[in-house]
Amino acid sequence: MSLTETPMQRERAQTIYEKSKPGRRAAVFPDAGVPEKPLQELIPSNLLRAEPPRLPEIAEPEIVRHYNRLSRRNFDLDSGFYPLGSCTMKHNPRLNERVAALPGHARLHPAQDPRRAQGALELMWLLQQSLGEICGLPHVSLQPSAGSHGELAGLLLTRAYHADRGEERTKVLAPDTSHGTNPASVTMAGYEVVKVATNERGGVEMDDLRAKIDEDPGAVACLMLTNPNTLGLFDENIAEIAALIHAAGGTLYYDGANLNAVMGHSRPGDMGFDIVHVNLHKSFSQPHGGGGPGAGPIAVSDRIEPFLPRPQVVRRESDNGGGPSYDLDHERPQSIGRLRGFQGNFGVFVRSYAYILSLGGDGLAEASETAVLNANYLKARLAAGRAGERLPVAFDRHCMHEFVLSGKPMKQELGLATLDLAKRLLDFGFHPPTVYFPLLVEEALMVEPTETETKESLDAFADAVEQILAEAESDPEIAKQAPYTTPVRRLDEVKATRRPVVRQALE
Amino acid sequence: MSLTETPMQRERAQTIYEKSKPGRRAAVFPDAGVPEKPLQELIPSNLLRAEPPRLPEIAEPEIVRHYNRLSRRNFDLDSGFYPLGSCTMKHNPRLNERVAALPGHARLHPAQDPRRAQGALELMWLLQQSLGEICGLPHVSLQPSAGSHGELAGLLLTRAYHADRGEERTKVLAPDTSHGTNPASVTMAGYEVVKVATNERGGVEMDDLRAKIDEDPGAVACLMLTNPNTLGLFDENIAEIAALIHAAGGTLYYDGANLNAVMGHSRPGDMGFDIVHVNLHKSFSQPHGGGGPGAGPIAVSDRIEPFLPRPQVVRRESDNGGGPSYDLDHERPQSIGRLRGFQGNFGVFVRSYAYILSLGGDGLAEASETAVLNANYLKARLAAGRAGERLPVAFDRHCMHEFVLSGKPMKQELGLATLDLAKRLLDFGFHPPTVYFPLLVEEALMVEPTETETKESLDAFADAVEQILAEAESDPEIAKQAPYTTPVRRLDEVKATRRPVVRQALE
Amino acid sequence: MLGAIGVDTTDELFEQIPQPLRLDRPLALPDGLSEAEVFERLAGLAGRNADAEQQVCFVGAGMYDHYVPAIVDAITSRSEFLTPYTPYQPEISQGGLQVMFEFQTAMSELTGLPVSNAGLYEGPSSVASAGYLAMGATKRRRFVVSRGLHPHSRETLATYSVGYGAEVVEVGLEGGMTDAGALAEAVDGETAAVFLQSPNFLGAVEDVEALGAAAKEHGALLVVACDPMTLGILKPPGECGADIALGEGQPLGNRLDFGGPSFGFFCATQEQIRRMPGRIAGETEDVDGRRGFVLALQTREQHIRREKATNNICTAQALNALAAMVHLAWLGRHGFRELGELLAQRTAYARERLAGVEGVELLHEAPVAREFAVRLHAPVAAVLDRCAERGIAAGYPLGREYPEYGDGLLVAITERRSREQIDELADTLGAAIAAERGDLLAYEANKSSQEGVA
Amino acid sequence: MLGAIGVDTTDELFEQIPQPLRLDRPLALPDGLSEAEVFERLAGLAGRNADAEQQVCFVGAGMYDHYVPAIVDAITSRSEFLTPYTPYQPEISQGGLQVMFEFQTAMSELTGLPVSNAGLYEGPSSVASAGYLAMGATKRRRFVVSRGLHPHSRETLATYSVGYGAEVVEVGLEGGMTDAGALAEAVDGETAAVFLQSPNFLGAVEDVEALGAAAKEHGALLVVACDPMTLGILKPPGECGADIALGEGQPLGNRLDFGGPSFGFFCATQEQIRRMPGRIAGETEDVDGRRGFVLALQTREQHIRREKATNNICTAQALNALAAMVHLAWLGRHGFRELGELLAQRTAYARERLAGVEGVELLHEAPVAREFAVRLHAPVAAVLDRCAERGIAAGYPLGREYPEYGDGLLVAITERRSREQIDELADTLGAAIAAERGDLLAYEANKSSQEGVA
Ligand SMILES: Cc1ncc(COP(=O)(O)O)c(C=O)c1O
Ligand SMILES: Cc1ncc(COP(=O)(O)O)c(C=O)c1O
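Protein chains in written order, with the working numbering: chain A, 1 to 507; chain B, 508 to 1014; chain C, 1015 to 1468; chain D, 1469 to 1922.
Keep in mind that the hints were calculated from the coordinates and are not lab data.
Take these hints with a grain of salt, some might be off.
Stated by the list, open to error - Restricting the straight-line Cα-Cα distance to at most 27 angstroms, the calculated cross-link-like pairs of lysine-lysine (DSSO-like) are: (1) A:Lys480 to A:Lys411; (2) A:Lys195 to C:Lys1153; (3) C:Lys1322 to A:Lys195; (4) A:Lys480 to A:Lys408; (5) B:Lys915 to B:Lys702; (6) B:Lys987 to B:Lys915; (7) D:Lys1776 to B:Lys1002; (8) D:Lys1776 to B:Lys702; (9) D:Lys1607 to B:Lys702; (10) A:Lys495 to C:Lys1230; (11) B:Lys528 to A:Lys455.
Just so it is clear, the structure is predicted and the values come from calculations on it, not from any experiment.
Let the sequences and hints guide you as you build the complete structure.
Dropping the structure here:
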């Protein structure tokens, strides 16, 4: 038994299908308890399946062991620092899981008659009100399932808005720092993306913006912006930007992924945005689940409201003096229609509403304050060490909730790519920051600590980066071969794409 | 960073007190919301505390991380084979946790009026009936909190029984293979232990038993027996043993820790036992919780019944033709009284009753059958390999649900103590069997696989033992220095007892 | 910390926000509450919903009250699965990645198609994503859609189509099933895809193979939406010529949650693998030759491809897919089939039982697997109210989405619905209808004579 | 497998059981059920209990309806804590062992005594174990017990005493507190231990220090039972001269569970460390010098010492102690004190509010911390029934265990009991008493004049 191999590394991956043994099972069912007929008499045999799908045959104890052991091959927020830029990996209070699991929420059928789902509808209405207040835009639809879904919704709303005014616009402007979902959503919504340059302060390059607008103002449907942007910097020209877009007749879309920086401090609506999406799984603490679920509610201005998706949760004051009641409004003649089934990711709404109730208005503002403080502290700690030279901050000014470093000097001087640094961080027990985004920054490293981290965690992270850079000065190979102690070491991603094996072969 | 140190080993133990930082907190409370008075006006200041206890000051995210990371420093049944003899480490179905957590169970106050706790009392009554049927003894008290508590109860019942007949008996017989709790309970109950020898078949040495009885039959209060005993062997002379004890006027106590071997196949009551305790956390699948909670209900014969603890769950048929009702009977004039607060470990009862409902009568019998089959298979697999020579089975016959090996030859021939083998097994990802018990067997190794293990697990364990023995033949030092890959390596237990440090020092 | 940053107050850090844009008042939201208070508040709201624990639930329409085994909660609630994000760093995400790989294998087995992604948002938006894929694959802009496709799917497809610029043509139903003739006529050389659902929204098991011929003929993709819980007994779409099989994943290990979160599954032929939306885990090796898993084919995705991505999805529903995988492992190969059979048998019984109730008639006679439609000879809303008062959610009213079936009710069966509950439904429904028609007596008389049928 | 064993059937393996002793019929138990069926069955039973979610619970008497924070469930439900057994193999049990060490530290801090074990079964049996310890320590066989000690503790101590042969002498109460004079008289040179409880069963905070003097004087051990939730504000027993401080641990992180499982805590002076019952974790080092934890002082225990063990306990309540530790960490140093203050303030308010209700008078005027006793001028059982009908569990009737207080009711307060609920209790209690006394009108009139008090 080699001692250089960790216990986890020694345990080679084996899928649940490989643990299957004919005849084993976990589930048992009572017999139907009704007079039975041969299946062929119920359904024509040409529509029936010959062989059952080859699902694993395995008993409960081994299922539990399989997934428990697998789970330990994940790094998770509940066991360590996870400064994944742009993802707002804040702590997920367990209370939110508890209230989401209440039978009145978890076992409520989405088609329940609204008169018998008043609690759920009121909760959704209260969440709409809260998000409207936080965003400074009064009308909210909770339907979008995530941020990118919200973006698509926003662009379809833009299209509907223009169409309603008899206009057909074709272009959507977005800075070169924008997140990948922005341009992807633009195309899906049938628009053409026009990239806008970034200025030396990390904001929108105003001359380029003017130029892009002036090319054909009547073609400008929308400008999509993240503010603070993906560099973690607040664009001071936002008022002027809004004026220019509105003058051209376009709408202004706010990508709310970075809302965690400004809650209670500045509101997209007040900045002049018409449409905002909110990633509830970021600023509002829905656990990230290994890649979802989340939700991407949108808040919009009065002029956009008529086009909001169907159905919409509405509150009705009672005529007979009783309390208000809540309903689903399906009659929205100008609505863009549905974006998904039923009412949205309700379970996510419960968690985020519980989060808002827990923190309250001041608590949210405080959260943003601490998030910004933590980011600037970590930025300063790093700048004070080797990172100051090797990993300089891309735009040197106070950041908001996150900041972006450039590994360019590190690569040139030490031959260490940002990826190497990231992989080496794994050996130190940290989740690396987001890497190679935004594209604008060479060898980018995007760091977002969030407000729920302690100073000790930030210091430990800064120390690890320092140690890795020091180590690399004497021997860069160490980082280039990293990681060493993870369940598996560097994986061949190219192979996985060249000759993709995307399912288990079964005989 | 040394690569011979695993990531977990590198992470040195740090207590939650050492992570505490003044001013941090998780809990917040609303203000009392009532007119407040200075505390001193409510309670005389000489009765008040000067300084709050030095509990940790730490926020929720770090509490969660602390205990999540700590948890991974445990080996658990849900991730690997755990053949800890005498402990019946069978799988714990998660369904049982789900039903135990239902508010109707989890938030039911123990002092609730029985008329408003009918569901709980019925459940307890149904569990009593089930255990009575399984043990072959009609009267059950669920009060004892674990096996040893049941033993004490049984001995106090014995005392009450004899006292009621005007007798004062002083001796309790127990085989030298008995579990430590047996003699400990005997002393606590005010009796004297008399050890009975074991014969060459692993059963009670009849001549010695007769001798010990004949010394002074009138002094024999009780014989405590485990059957199958701690060697995993069924004592074929049990009928004769019972006859002898009863002839002497003593009671026969059955230590039910090994009931998992005989459920639905043989019943203590039918063997002649008067009192049985059942470890619900063994045969009836209560999770072991790192050392409890459990429960040790007792089942007794008619002659013992009058003395059962107070209160007792009873069923009352309704006089007005309605359904039966359930109540707590506090009026039991001959009862030995209470053994604890309220009604017992109800949450454990819910889990075990759910387990009984899930398996049903046949399922329980099948469980015992598989447990016995697995034990005999593993015994055979081991005997076929090096263990046959080095780790021979102590008494070579078919075993029941567990078996005991002797490491004596291994120690003599390879210089490997049973402890070394156990520690080396840790590197292979197994929980070792129970070691050095029963005392009768030199270098004992007590193996109980349980019915929920697969053949693959048994084979893997046998292979590991084989590999360790082979390895030891070439180099015994490897095992003597083991383990290598556990979060910590061999610990100095002597130091911990010589100069005990049993709490964190805080300034 | 401020010292290290070189500011005196945190407020200085916010000065990069122009003064006029800074909120000069606290948010108009209530003050924060203690954990116990938040719990009480939300328990209070939850208490005002009639959930499937309080009512016997025969409502389906895409989401079903199946029993979710306890191990699903136990595993999905583990921090290691609950709290990480998308596995961008595979070396420390093997748990999540292997689960995706196992899930893809399971969905591929269920649908009979070789390629599965790791899951999308939910059912209807997956249908819309299939449309986007079909446009890319065929360079055509016309969809032919069966009216048997879930109304939410049709609406969502329509919403998206306005965006990516496609035309949607709907084909009606005949006797509860897609009108084969009309479909054949509707499909042409401009058709990018044909969308079917089986069992369709009215519960009818469609002959996908036969209906799909039209698509094949004109080189359009055949997209089939299906209910995973029926795939233990129904011929998998892949064996019926489907190019894409997708659907709402909720029945697999996910709670009702008033509609979400759940997940959408999406499987396709090998041919479409590089046009797939969403994450896909692939098998590979590490530098030492250890088996491992990574996000494969990322070149399809927005974070690499940006405006040229095959879809805009980023955060999906990984945890819900895990729940499905655990549920499927628990059901196992044979349990999964048995469950399908159990549903079919009880559904057949319920259908017959209800057909025997005065004032109830079948909406169609087509074969069904787990859900069926009836007509009520009384105002549906009023009848449902009466049933609700007796603790029964009797079904899904078809009126809003199918005006042509204003008297229609869709009734769904899960393994949680016992024969006794089905009988209770029949009686309650009968009584409600009778009461609505004001002749309770006639009903009673009639009921006794029905006893035979049950 | 049979082949490897060398038998043809499993039955052969059971032949070692003599034929006459083999059960020749199946067990008379129902057949096994599916998971969903078992869930429904048990949910049905649970539904027939009036729990603290359905009723506003003012019942205490040793177990209290505190709010258990969600992280407690999240952590205790982790397999790594839930499914292992006693940490006999410390190298793979550091998680559990460190938790024990942290728990021991916390209980030592709460009680002000240097040594704590890792927990016993529950409160009353811990009292009995203290008796056993005291006998061993003093070689005496006489216990003097305050009537303020929980009735269950007194009964359990009596039960055990019959076994290990000790005499129990009870000392009565005066004005709700232990009769100091009688106590001083009762204690003598044969007394092994004096047992007090503070707050005592009637809620009164005792002057332990003063009462304990008698014990000191005669060389008897002073054993003090206490409610952990009051130790944030009350002087710790260790500072009052207690040799042993113990109690019911349920209020710390454990659910009501109709009485168990919970745990008993047990702390003592350094002098008693080798006589302690139960597991004790100790700090040590591994061969490489890494800090680690093990089960210390095992030589006290049954598996080593057998008949000479300091106690017979083996399986204890480790998971419940973990729940307590997590709850305490969540409360934190200041939160723990604030909670104690919150309870004291609301209790004072409730006591005053109830004292103002017609037909209610205080049973004693002694200082209280979280629970208090009143007398009702109406049949207690009937009044409690009326309150229950209005959704309030008004308290614990003293009659059975304190015949001298046949009209007594014990009322407990937790942080879950809001001022509104307390007011509701007062009104409901008042109405119930009035109704019992048949003068509802008088009550109404009186109520309005009371409004001032509230
Ligand atoms: C800046 C930005 N915009 C948009 C998105 C897309 O949001 P979602 O992943 O919820 O679809 C993200 C999330 O990664 C983001 O960071
Ligand atoms: C044979 C035997 N008897 C008695 C006991 C004591 O049971 P408990 O630990 O539940 O007190 C045990 C448990 O370890 C045992 O194995």
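Results of checking the hints against the structure:
Distance hint between lysine 480 of chain A and lysine 411 of chain A is fulfilled; the C-alpha atoms sit about 11 angstroms from each other, no more than 27 angstroms. Annotation: proposed proximity of lysine 195 of chain A to lysine 1153 of chain C holds, straight-line Cα distance about 26 angstroms (limit 27 angstroms). At most 27 angstroms may separate the alpha-carbon atoms for a hinted pair to count; lysine 1322 of chain C and lysine 195 of chain A meet this at roughly 14 angstroms. Proposed proximity of lysine 480 of chain A and lysine 408 of chain A is supported: the alpha carbons are some 16 angstroms apart, at most 27 angstroms.
Taking the CA atoms of lysine 915 of chain B and lysine 702 of chain B, the gap is near 24 angstroms; set against the 27 angstroms cutoff, the hint holds. For the hint pairing lysine 987 of chain B with lysine 915 of chain B, the CA-to-CA distance comes to about 16 angstroms; that is within 27 angstroms, so the pair holds. For the hint linking lysine 1776 of chain D to lysine 1002 of chain B, the alpha-carbon distance of about 23 angstroms falls within 27 angstroms, and the restraint holds. With a C-alpha separation of about 14 angstroms, the suggested pairing of lysine 1776 of chain D with lysine 702 of chain B holds against the 27 angstroms cut-off.
Distance hint between lysine 1607 of chain D and lysine 702 of chain B is fulfilled; the C-alpha atoms sit about 26 angstroms from each other, no more than 27 angstroms. Proposed proximity of lysine 495 of chain A and lysine 1230 of chain C is contradicted: the alpha carbons are some 33 angstroms apart, above 27 angstroms. Between the alpha carbons of lysine 528 of chain B and lysine 455 of chain A the distance comes to roughly 11 angstroms, so the proposed pair stays at or under 27 angstroms and holds.
Against the hints set out earlier in the document, a violation occurs for number 10 only.
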